Amino acid sequence: MDKFFYLITEGVKNVWRHKVTAFTAMFSLFVALYIVGVLATAGNNAHKILYYLRSKYKIEVFFKQDVSNEQAVGIIHKIKKIEGIRSATIIEKEDAIRIFKDQFGENIEELLGYNPLPASAVINIERNRRDQLVIETMIKEIRKIKQVDEIRYQGNLINKIERNFKKMMDYFPYASIVIILISILIIYNTIKLSVYSRRDLIETLQLIGASRTFIKFPFVIEGVLIGAISAILVAPALLFSVNAMNYVISRFSSFNIKISYDPMILFWMLVTVVLIALIGSYRAASGFLK
Amino acid sequence: MIEFQNASYAHNKGYGLNNLNMSIDEGEFTFLIGPTGSGKTTLMRLIYFDIIPDSGIVKINGFSSPGITQKKIAMARQSIGMVFQDYKLLKDRNLFDNVALPLHVLGFKSSEIPDRVDEALDLVGLEGKEGHYPYELSGGEQQRASLARAIIKEPDVLLADEPTGNLDPVSSFELVRLLETIHETGTTILMASHNYNLIKGRGRQILELKNGQLRIR
Ligand SMILES: Nc1ncnc2c1ncn2[C@@H]1O[C@H](COP(=O)(O)OP(=O)(O)OP(=O)(O)O)[C@@H](O)[C@H]1O
Ligand SMILES: [Mg+2]
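In order, the protein sequence lines correspond to chains Z and B.
Going by my numbering, the first sequence opens with residue 1, and the numbers climb by one from there.
Going by my numbering, the second sequence opens with residue 1, and the numbers climb by one from there.
Honestly, I wouldn't trust all of these hints.
[Unchecked claim] List of simulated lysine to aspartate or glutamate pairs, EDC-like, C-alpha gap at most 20 Å: (1) 3/Z / 50/B; (2) 290/Z / 50/B; (3) 72/B / 203/Z; (4) 13/Z / 130/B; (5) 13/Z / 50/B; (6) 3/Z / 127/B.
[As the list claims (entries may be wrong)] With the Cβ distance kept under 7 Å, some of the chain Z side facing chain B (calculated, not the full set): (7) 1; (8) 3; (9) 4.
It is worth saying that the hints were derived from the structure and are not from the lab.
These numbers come from a predicted model, not from an experiment.
Yeah, the Cβ is synthetic: ideal placement off N, Cα and C, and Gly gets one too.
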C-alpha cells in the first residue's frame, strides 16, 4: 500500500521535477486540444449561420387580379401545406394600396377609381433542417396553383448559399478526422518524448531491481496528469474564445447569431486525451525497458 | 554465492572475457583487480545479469544465467547491492530520495524509511547532505552516495566497482575499512579496484583479471 502511494506521488513529483519538459508537453497538448475544441464548436454551430440566413429567404407570391381576399386566404392554407414552408402571410388588396402609397406617395385607387393591385402572400421557409434546401421544388408546387400569377424570389442567391454550405458540411468530417488524428499523434509523441528524455532513469531503476510496473506506473500517472491538466486548461480558453467571438459578431456584424458551447466537447476531450496519455506513456516506458 | 562456470562474453567490438571459472562463497570478502580495460566492470555486469554470458553459466544467490527471465533478473537484483563505477545516481532527485529508492522498490513502510536513510548516510559520512542533488555533490560524495544506496537494503551481496575511484588515499583506506565493517555483518562482498596497494596484505581472496583471463592469487 505504501508502495502504491509512493508510486502515485512519484508520478506527481515527476511533473514538478521535469517542469520544463512537462510544461512543453502541456503547451503542445493544449494547442492541439484547443484546435480540436474550436473545430468541434464550429461544427456544432455551423448550422446556426445557415438557419439565420434562411430566415432571410423570402418568396413573394402574387395572385391573379380577380382573386378576392377571402379566396386568397384559402389558397394560402394550401401553400402552407407544401413541404418546407414554415409560414405564409397574406397581403390583402387594401394592404397593397398602403404599401404602394408608402413607396410612391400616390393613392392608386383614388387615381384610377378602382384597385388594380392583386392580393399576395409573403412566404417564409422552414429553416431548421440540416440538408440542402432546394427552393425550386417549392416554387414548382406553388406554381401548380392556378390562381397564382407571379412568384418573386432570390433563386440564385439562395441556391448559392445552400450549395456552398452543403459542400462545407460534406468536407467537414474528413477535415476534422485529419486534424484529430494529427492531434492524437502530437499528444502521443509528446508523451513519448518526455519518457524518452528519461531513459537513464528507467535504466537505473532496472539495475536496482525495480519491477516493470514499478518503473512504468509513475510515468503513466505523469502522462495522465499532463494530459488532464492541458485538457482542463482548454475549457476556459475555449469559453473565452466563444465569448469573444459572440462579442465580435454582435458588435461588428448584423448577424443575429449566438455561438453556443457544448460542455460535452470538453468531457470527451478529457476522456480521449487521458486515454491517449495512458497508452502513450505506458507504451513508451515499456519500449525503454530491456 | 557467486559462481562462474566457463563463462565467456564478448562485446560487439571483440573485447571481453574468456572462459572464466571462479566461485565466491557466502560471507567472503573478495577483491577483483586488473588494469584498466581488463574487464572488471564487464565481469560485474555479468553477475547482476546486465549482460548474459555468450557461453557458460553465471550463478548468484540461487539465480542462474541460462534462460533467465526479466522478472527473475529484477528479483536477483533486489538482493544485490551495487556501487557503480559511474554512480548512476538519479539526477532529478536529491540524495535522500536517491538513497531511499531501493527501500521503495522493496516495498518498505514509508514510516521506516527516514531512519534507515539517516543511518546509511551516517555510515558513509554524508549526514547533513540529504537535500543535495547529485550535481551538488563532489565526485567522492557521489561515490559514497552510490554506496549508501547499495547498502541501505542490507543486501546479501555487495558488488562495488571501483568504489574508491574518486577518493584520496586516506578516504580510500577508510572506505575499505567501512566495507570490512559491512562484511562483518555477514554480507558477501566483491570489490573491483586497480589499486593493488589498497587491497594487498588484508588476507582476502584476490581475483586478478588480465587480457580477459582470470587468475586467483
Ligand atoms: N559496451 C561495450 N561495447 C564494446 N566494448 C566494451 C563495452 N564495454 C566495455 N568494452 C570493452 O571491454 C573491455 C573491458 O571493459 P571494462 O569496462 O570491463 O574494463 P574495466 O576493467 O572495468 O576497466 P576500468 O578499470 O577502466 O574500469 C575494454 O576494452 C572496453 O573497451
Ligand atoms: Mg570498470
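Consistency of the hints with the structure:
no. : hint         : in the structure
1   : 3/Z / 50/B   : violated (25 Å)
2   : 290/Z / 50/B : holds (10 Å)
3   : 72/B / 203/Z : holds (16 Å)
4   : 13/Z / 130/B : holds (17 Å)
5   : 13/Z / 50/B  : violated (29 Å)
6   : 3/Z / 127/B  : violated (26 Å)
7   : 1            : violated (9 Å)
8   : 3            : holds (5 Å)
9   : 4            : violated (9 Å)
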